[in-house]
Amino acid sequence: MPSLPKHTLKAYDAELDELRALVSQMGGLAQSLLEDAIAALLLRDSKRATQLIAADKAIDTLEIEIERLAVQTIALRAPMADDLREIIGALKISAILERIGDYAKNIAKRATVLAEMDQFQHMAILPEMSRLASGMIKDTLDAFVERDADKAAAVRDRDPQVDSLYNALFRELLTYMMENQRAITPSTHLLFIAKNIERIGDHATNAAEVVYFSATGNALEATREKKDRTAFATLDDWQSK
Amino acid sequence: MTHIAEASPVQSHDNTVPAGPTAKATARAVNVTYGNTRAVKNVDLDIFTDEVTALIGPSGCGKSTFLRCFNRMNDTIENARVSGDIRIDGEDIYGATINVVQLRARVGMVFQKPNPFPKSIYNNVAYGPRIHGLAAPGPDLDQVVEVSLQKAGLWDEVKDRLDQPGTTLSGGQQQRLCIARAIAVNPEVILMDEPCSALDPIATGKVEELIEELRGRFAIMIVTHSMQQAARVSQKTAFFNQGELIEYGPTADVFTKPKHEQTKDYIMGRYG
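These protein sequence lines map, in sequence, to chains A and B. The numbers in the working numbering rise by one with no breaks, and the one at position 224 of the first sequence is 229. The numbers in the working numbering rise by one with no breaks, and the one at position 206 of the second sequence is 1662.
The hints are all genuine.
Here are the simulated DSSO-like pairs of lysine-lysine, each with C-alpha atoms no more than 27 Å apart in a straight line:
hint: 1; chain 1: A; residue 1: Lys15; chain 2: B; residue 2: Lys1713
hint: 2; chain 1: B; residue 1: Lys1715; chain 2: A; residue 2: Lys15
hint: 3; chain 1: B; residue 1: Lys1480; chain 2: B; residue 2: Lys1497
hint: 4; chain 1: B; residue 1: Lys1713; chain 2: A; residue 2: Lys97
One-sided and incomplete, this derived list gives chain A residues near chain B with beta-carbon spacing under 7 Å:
hint: 5; residue: Leu9
hint: 6; residue: Pro10
hint: 7; residue: His12
hint: 8; residue: Thr13
hint: 9; residue: Ala83
hint: 10; residue: Met85
hint: 11; residue: Ala86
hint: 12; residue: Asp88
hint: 13; residue: Gly222
I should point out that these hints are in silico values taken from the structure, not numbers from a laboratory. Because the structure is a prediction, the values reported are computed rather than measured. The C-beta atom is built at its ideal place from N, Cα and C for all residues, glycine as well.
Please work from the sequences and hints to get the whole structure.
Okay, here's the thing in structure tokens:
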């Protein structure tokens, strides 16, 4: 993407730079919260998970700061074209990141519960899902800062991988629960954790679409691949396998 | 001729060719030179009765010069030379049979600084209809004055002091008086050259509201330095730079996703 010339008003450039930096910082926090929550889960580190629950506040604070700066910039600078789309993009992305933060926080909460339970089934798929989703958040934020529409479009294409892993994990957990009633409680928590990551992938995808619009002024084509089939699953589907 | 709406076929310079089906006025291959300087370069543009067309661009880009081609105001500048083809309802306004005084009644103009005549409010508005013989003195002319002032949104403010000098009004009222004066002669096209640059925001708002009300009755072209004003009042925007028409399109598109880098940099206030 060609970089835009600077504004005649330097303070305007400074405000837009600050806005981008805040969004980037917020994305970084949401991404680490997800990664750290999964690490705490795998390490059964209840103390760390409890700290993480509180860490979500920093993300919420940044959202408020972004909202304030975006409104101020719109009011004072009357932004047009790319500038306007970027500011609106920052607002929308910050709302999405706030939601991602909530999902990550929920994973941390469940990690505190799971840490106290009997050894639950080791889930190799979870860290892989988390790694994918976290990479999607990172690349979306990079695409935003770099105004890189192609990079944003590529992020969206990765969501089906997260969905596929989620389907696999769903099936696996269902099997454990059918085999052993005592596995139901931890498995349900794990299922919610996986669902949270799957949702994070969806949100990262939405954010990537916002970045694409912000960079080009055009909406990314609506046809996107959905691989999460669990909404249509019945017990029979799994028993017959 | 890529920036012209498809509905308007390109005109040859043959007087028998009618204008496009909906365009009120058409400009084709318009050039204006001041001595050796080309101020407007090969511009094609259509304007429509149900739309306000805003001309924007940096100082010296040729937008006001282009605007003045439509009522032959450039004729009054000694070394200015206009070439190309400009038509209103298909009629070549630079044709040999055109009466320029009549033309300027058909194509009214409102200037940057309100310029009421040093006459009463009544006579400011009555002047045009009187010299063009559009209304007989007496109740007919009174009617024209009242209707024009009403259309200009000024009637209620001045109806009790029509005999006072136009110059006693506030700046915003003077500008609306000038608009009333322009519409009193039943023009078809109204040209506005930065009509609000000397007005405060409230007076500006009233003139902008008036422009919106006049849209549909007149084809309106407005030159403005305020991007926000262009965005507020116009349906089509034309961006000029260094005498060339760079981009022309629906205002909403031009201000949210302009096609040309030059337009983009200008409207965003970015200069390399």
